[in-house]
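K.L.:
Sequence:
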Amino acid sequence: MNYDHTLDKRQLRHAFERAAAGYDRAAVLQREVCDRMLSRLNYIKYTPDIILDAGSGTGYGSRKLAMRYPAAEMLAVDIALAMHFQARPSVPWWKRLSPARGNRTSYLCGDIELLPLKDACVGLVWSNLTLQWCNDMRYTFSEVRRVLQPGGLFMFSTFGPDTLKELRQAFRSADNYSHINRFTDMHDIGDMLVHNGFATPVMDMEYITLTYDDVIGVMRDLRAIGAHNVTQGRSRGLTGKSGWQKAIDHYETLRIEGKLPATFEVIYGHAWKPQPRKTIGKLAAGHPMKDEFRLPE
Numbered sequence: 415m416n417y418d419h420t421l422d423k424r425q426l427r428h429a430f431e432r433a434a435a436g437y438d439r440a441a442v443l444q445r446e447v448c449d450r451m452l453s454r455l456n457y458i459k460y461t462p463d464i465i466l467d468a469g470s471g472t473g474y475g476s477r478k479l480a481m482r483y484p485a486a487e488m489l490a491v492d493i494a495l496a497m498h499f500q501a502r503p504s505v506p507w508w509k510r511l512s513p514a515r516g517n518r519t520s521y522l523c524g525d526i527e528l529l530p531l532k533d534a535c536v537g538l539v540w541s542n543l544t545l546q547w548c549n550d551m552r553y554t555f556s557e558v559r560r561v562l563q564p565g566g567l568f569m570f571s572t573f574g575p576d577t578l579k580e581l582r583q584a585f586r587s588a589d590n591y592s593h594i595n596r597f598t599d600m601h602d603i604g605d606m607l608v609h610n611g612f613a614t615p616v617m618d619m620e621y622i623t624l625t626y627d628d629v630i631g632v633m634r635d636l637r638a639i640g641a642h643n644v645t646q647g648r649s650r651g652l653t654g655k656s657g658w659q660k661a662i663d664h665y666e667t668l669r670i671e672g673k674l675p676a677t678f679e680v681i682y683g684h685a686w687k688p689q690p691r692k693t694i695g696k697l698a699a700g701h702p703m704k705d706e707f708r709l710p711e
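The sequence shown begins at 415 in this note's numbering and counts up by one.
If you are wondering where the hints come from, they were derived from the structure by calculation, not from laboratory data.
Quick reminder that beta carbons are idealized off the backbone N, C-alpha and C, glycines included.
A hint or two may mislead.
Stated by the list, open to error - Computed Cβ-Cβ distance ranges for the label pairs, DEER-style: (1) 691 / 671: 56 to 64 Å; (2) 622 / 689: 31 to 39 Å; (3) 565 / 659: 55 to 63 Å; (4) 458 / 586: 35 to 43 Å; (5) 550 / 449: 26 to 34 Å; (6) 454 / 656: 44 to 52 Å; (7) 692 / 634: 53 to 61 Å.
Throw the hints in and build the complete structure from the sequences for me.
P.N.:
Below you can see the structure in the form of structure tokens.
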């Protein structure tokens, strides 16, 4: 494992805790990607009974899924408790005495890499832009498969290696520290799904480019959604004034039509947990294999 790119989960949790109150104002990309994921459900004929929103944040995806599947039970899991406080609606005390019918959401604080759920308990695992915060995606997929019911669906989005390539390039001109988190290639993600026993994985990718007036605007939005650099190879001190200026000057050379681009490589995928293989009916008494399948003695 490259420890320079290992995420510090404690720092990650704190970053999202601090960002929770202002998250929705800055999470334009997260909502857009979520909506594009939701549109993909139009082509999948499947109605889950229990849905896990893994990395639920302030609940935008959970609410959209609840509208699409009104009879389903929702499980919202996020690493930051403050995100749940933003997501959970304020309900008068007298309404809590008689639970509402229809869709209901339970909020759990937890990490997608170690889900606080029993085996085979959900029909759909939904994860919008969360997998990039995992240290071991292969193990994360095994956790997702563990909690899925046989025949259940895993649907996700994440960032690919070209994400924030402009910012990465700008910082590379300033020093040798890790300033941008590492992102996994789409083909490697597909291979990991197959390795973990998922069936018929479907992967696709697109580039979404946001534009900004200045570098500070880019950094402000990343900080507002909690997307700090929390790799262990990051600089433990503040980047010096000269280093910042070098990075800014380099980023300025990328300006197009008066705007600074921030590219995001968005990867979408879905796969199924296969049904258990059916065994051939009762075998002949007296021997574990039928005669026509036995070798001559």
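K.L.:
Next, verify each hint and record whether it holds.
P.N.:
To see whether the hints hold, each was checked on the structure:
Judged by the Cβ atoms, the range 56 to 64 Å given for residue 691 and residue 671 holds: they are separated by roughly 57 Å. The hint said 31 to 39 Å for the Cβ distance between residue 622 and residue 689, and at roughly 36 Å that hint holds. As the Cβ distance of residue 565 to residue 659 is approximately 56 Å, the hint placing it in 55 to 63 Å holds. Take residue 458 and residue 586: their Cβ atoms lie about 40 Å apart, and the range 35 to 43 Å holds.
A beta carbon spacing of about 29 Å between residue 550 and residue 449 agrees with the range 26 to 34 Å that was offered as a hint. Our hint of 44 to 52 Å for residue 454 and residue 656 holds, since their Cβ atoms are close to 46 Å apart. At about 56 Å, the CB distance of residue 692 to residue 634 agrees with the hint of 53 to 61 Å.
In summary, this structure violates none of the numbered hints.
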